[in-house]
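Trainee: So you can see what is in the structure, the chains are spelled out below.
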Amino acid sequence: MLNRDNWKEIFETIQKNKLRTFLSGFTVALGILIFVVLFGFGNGLINTFDEFFGDDATNVLYVFPGRTTMPYKGYKSNRTIEFDNSDLADIEKNFPLFLEYITPRITRQDTVSYMNESNSYTTQAVGPSHQFNEMTIMMKGRYLNAQDIKNKTKYAVIGRLVEEDLFGAKNSMGKYIDVGGSSFKVIGVFQDDGGDNEERIIFIPYTTRQLIEKNTDKINQIVVGFKPEIGYAGAMAFDKSLDKFIRSKKYINPKDQNGIFIRNVADQLKQNQQFARVLQIIVGFVAFGTIIAGIIGISNIMVFVVKERTKELGIRKALGATPKAVIGTILLESVFITTVSGFVGMLIGIVILSSLGDKLKDFFITNPYIDMSIAISATIVLIIFGAIAGYVPARRAARIKPIVALRDE
Amino acid sequence: MIEIKDLHKSYKMGSNSLHVLKGLNFSIAEGELVAIMGSSGSGKSTLLNILGMLDEADSGTYDLDGVPIKNLNETKAAKYRNRFLGFIFQSFNLINYKSAMENVALPLYYQKVPRKEREEKALKYLAQVGLKEWAGHLPNELSGGQKQRVAIARALAAEPKVLMADEPTGALDSKTSYEVMDLIQKINDEGNTILVVTHEEDIAHMCKRIVHLKDGVIVEDKKVEQVRAAQYVK
Numbered sequence: 027m028l029n030r031d032n033w034k035e036i037f038e039t040i041q042k043n044k045l046r047t048f049l050s051g052f053t054v055a056l057g058i059l060i061f062v063v064l065f066g067f068g069n070g071l072i073n074t075f076d077e078f079f080g081d082d083a084t085n086v087l088y089v090f091p092g093r094t095t096m097p098y099k100g101y102k103s104n105r106t107i108e109f110d111n112s113d114l115a116d117i118e119k120n121f122p123l124f125l126e127y128i129t130p131r132i133t134r135q136d137t138v139s140y141m142n143e144s145n146s147y148t149t150q151a152v153g154p155s156h157q158f159n160e161m162t163i164m165m166k167g168r169y170l171n172a173q174d175i176k177n178k179t180k181y182a183v184i185g186r187l188v189e190e191d192l193f194g195a196k197n198s199m200g201k202y203i204d205v206g207g208s209s210f211k212v213i214g215v216f217q218d219d220g221g222d223n224e225e226r227i228i229f230i231p232y233t234t235r236q237l238i239e240k241n242t243d244k245i246n247q248i249v250v251g252f253k254p255e256i257g258y259a260g261a262m263a264f265d266k267s268l269d270k271f272i273r274s275k276k277y278i279n280p281k282d283q284n285g286i287f288i289r290n291v292a293d294q295l296k297q298n299q300q301f302a303r304v305l306q307i308i309v310g311f312v313a314f315g316t317i318i319a320g321i322i323g324i325s326n327i328m329v330f331v332v333k334e335r336t337k338e339l340g341i342r343k344a345l346g347a348t349p350k351a352v353i354g355t356i357l358l359e360s361v362f363i364t365t366v367s368g369f370v371g372m373l374i375g376i377v378i379l380s381s382l383g384d385k386l387k388d389f390f391i392t393n394p395y396i397d398m399s400i401a402i403s404a405t406i407v408l409i410i411f412g413a414i415a416g417y418v419p420a421r422r423a424a425r426i427k428p429i430v431a432l433r434d435e
Numbered sequence: 004m005i006e007i008k009d010l011h012k013s014y015k016m017g018s019n020s021l022h023v024l025k026g027l028n029f030s031i032a033e034g035e036l037v038a039i040m041g042s043s044g045s046g047k048s049t050l051l052n053i054l055g056m057l058d059e060a061d062s063g064t065y066d067l068d069g070v071p072i073k074n075l076n077e078t079k080a081a082k083y084r085n086r087f088l089g090f091i092f093q094s095f096n097l098i099n100y101k102s103a104m105e106n107v108a109l110p111l112y113y114q115k116v117p118r119k120e121r122e123e124k125a126l127k128y129l130a131q132v133g134l135k136e137w138a139g140h141l142p143n144e145l146s147g148g149q150k151q152r153v154a155i156a157r158a159l160a161a162e163p164k165v166l167m168a169d170e171p172t173g174a175l176d177s178k179t180s181y182e183v184m185d186l187i188q189k190i191n192d193e194g195n196t197i198l199v200v201t202h203e204e205d206i207a208h209m210c211k212r213i214v215h216l217k218d219g220v221i222v223e224d225k226k227v228e229q230v231r232a233a234q235y236v237k
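Residue numbers (this note's numbering), protein chains in the order written: chain A, 27 to 435; chain B, 4 to 237.
Isolated chain A (complex conformation) (with noise of 0.2 Å):
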């Protein structure tokens, strides 16, 4: 079956039939690049989908005080709860386990202003370990160190538009900016991916907020970072009995609802996940759909190409060809030419896909990509497909009576 003599007649039924050669050749081709294609902008949106939502950690839990609704071990409800510097310190204690690192948060909007300029912008005092929170990243300058937090410098880091804002083209570096009233100096100038706003944050160390504040030791919100190894039900385990630890420390009924909150980034990351899952589903029913049409396509093709081609195989099979020649030759032929044009459509589709890049994130789509064994399996369905859409054909071609075959005009 697969001697050289075949391979020659094949190749030379091939060369001498070349609209027939490109027709299906070209369906098939076609098909894989549009699949390759497709399934590469599919990956691209996902990983537009990424980059939108996986600018914060998201190993992080966020602690906020409330104001208890219960009463509780004599305390009576409508109490407001507040955090403090010890807290930092206990919690960092007793979880040694699953702590990353650990910061407070102080959020006030405050006018700042340099020279002649001022606007209103959000500061945020804050911990060193703050910027594995937020990944900031670094422009010029350094972020808060614990030095910062120790000696209650006047230190702030600036988001880009700040800087943008308030010193123009200017450098802001070791320039002195008033926030709220105190003299800041600029060490730092940050870049966050997560939007304009983020970039609109002034950083200081919480502990100078806290002298401004008449050296008071209280801090609003409290940022645990955990390790990301201990994963979805490690993370959702720390936050049980992280609520557990506070509620008994701060004496707050572990019924009620509005003592304390505790925001798991762990599981809006799982939502996240099952979203980008969908959008993934979605790629794949697309995808799947383009395949089927490709073996629509080729279907047609080889039925086409039997009818064409029953006379020939009238007169072959008079000349002494059996069936099992027949459609050896039929099926040979056309898994050849989809096998060659199927790979040469998925390295022009790959080609396309990494050459485009950054190209289209306008649309969404960034760093479209296929793995390679989808797209090879994707063709190897294609040409098995091809082959059994062929082969029925074929095979009807080859049980017609010769005379009927050759009848046909």
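Do not take every clue at face value.
Claimed, not checked - Listed next, the in silico PhoX-like pairs over lysine-lysine satisfying Cα-Cα at most 20 Å (straight line):
id, chain 1, residue 1, chain 2, residue 2
1, A, K266, A, K119
2, A, K350, A, K333
3, B, K101, B, K79
4, A, K119, A, K253
5, B, K115, B, K164
6, B, K135, A, K34
7, B, K225, B, K8
8, B, K73, A, K34
9, A, K42, B, K101
10, A, K350, B, K115
11, A, K333, A, K42
12, A, K333, B, K101
13, A, K240, A, K176
14, B, K164, A, K350
15, A, K281, A, K266
16, A, K350, B, K79
17, A, K34, B, K8
18, A, K119, A, K333
19, A, K427, B, K79
20, A, K427, B, K119
21, A, K333, A, K427
22, B, K124, A, K427
23, A, K296, A, K281
24, A, K102, A, K275
25, B, K101, A, K44
26, B, K124, A, K337
27, A, K427, B, K73
28, B, K15, A, K34
Note that these hints are calculated values from the structure, not bench results.
None of the values given here were measured: they were computed from a predicted structure.
Take the given structure of chain A and dock chain B to it, following the hints.
Mentor: Quick look at chain B alone, frame taken from chain A:
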């Protein structure tokens, strides 16, 4: 060489069936040149198709070179056709994308003859029909007579026991017809058994025996004095 007894064949045409062959008996010895004559609808082409294993009879027996031809599956029929029979058709039936030489070599391909030997043989038979220098041409570059000669070379290439020609001159003018008949006579002179289906009186008389079919029965079976076609060919 060929022996048929009580051969019947009918075709279904919708609800009624058409009885085409109504119990034919005859035999052909080796080396004969037989013309099967009859007007259209007499069943001559049907007979040839059955003899050529391109079609099957409903009943009756058919022996070819001592081999009973019955209950053939497609594969077996293909092998017998390939080994025993060479076909010459009215419409030539050359494969249009293959050169003359490749067309002639095709039956040998199905005999699994190696390529080199195939090409040598094909050239040899093309030379025999006088078309050696046309070996590389495609059928549509050849005249009708040339096409039929290529088809004859192809039929000869498999070295069959019987050559079957279905109206071999039907699509040709009379001059070319005589050239083709001249060739067929020469092949017969070398001892080949040949069956020619025709409705033309002059072509039939260039054979050695005429079997006359009418409405599915043999009405006449006679030996004739062969008219040599060579005298019409200059």
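Trainee: Hint by hint, note whether the structure agrees.
Mentor: Each hint tested on the structure:
1. A:K266 <-> A:K119: 17 Å, holds
2. A:K350 <-> A:K333: 18 Å, holds
3. B:K101 <-> B:K79: This hinted pair is violated, its Cα atoms lying about 26 Å apart.
4. A:K119 <-> A:K253: Given pair A:K119, A:K253 holds - Cα atoms ~15 Å apart, limit 20 Å.
5. B:K115 <-> B:K164: 18 Å, holds
6. B:K135 <-> A:K34: 23 Å, violated
7. B:K225 <-> B:K8: 18 Å, holds
8. B:K73 <-> A:K34: Between B:K73 and A:K34 the Cα gap is close to 35 Å, so the pair fails against 20 Å, i.e. violated.
9. A:K42 <-> B:K101: Status holds; Cα separation ~8 Å.
10. A:K350 <-> B:K115: 14 Å, holds
11. A:K333 <-> A:K42: Distance of about 17 Å is within 20 Å: holds.
12. A:K333 <-> B:K101: 19 Å, holds
13. A:K240 <-> A:K176: Distance of about 17 Å is within 20 Å: holds.
14. B:K164 <-> A:K350: 24 Å, violated
15. A:K281 <-> A:K266: 13 Å, holds
16. A:K350 <-> B:K79: Roughly 11 Å between the alpha carbons, so the hint for A:K350 and B:K79 holds.
17. A:K34 <-> B:K8: Violated. A:K34 to B:K8 sits at ~44 Å, over the 20 Å cutoff.
18. A:K119 <-> A:K333: 81 Å, violated
19. A:K427 <-> B:K79: 13 Å, holds
20. A:K427 <-> B:K119: 31 Å, violated
21. A:K333 <-> A:K427: Given pair A:K333, A:K427 holds - Cα atoms ~14 Å apart, limit 20 Å.
22. B:K124 <-> A:K427: 29 Å, violated
23. A:K296 <-> A:K281: 26 Å, violated
24. A:K102 <-> A:K275: 16 Å, holds
25. B:K101 <-> A:K44: 13 Å, holds
26. B:K124 <-> A:K337: 25 Å, violated
27. A:K427 <-> B:K73: 15 Å, holds
28. B:K15 <-> A:K34: Status violated; Cα separation ~42 Å.
Going through the hint list in order, the structure does not satisfy hints 3, 6, 8, 14, 17, 18, 20, 22, 23, 26, 28.
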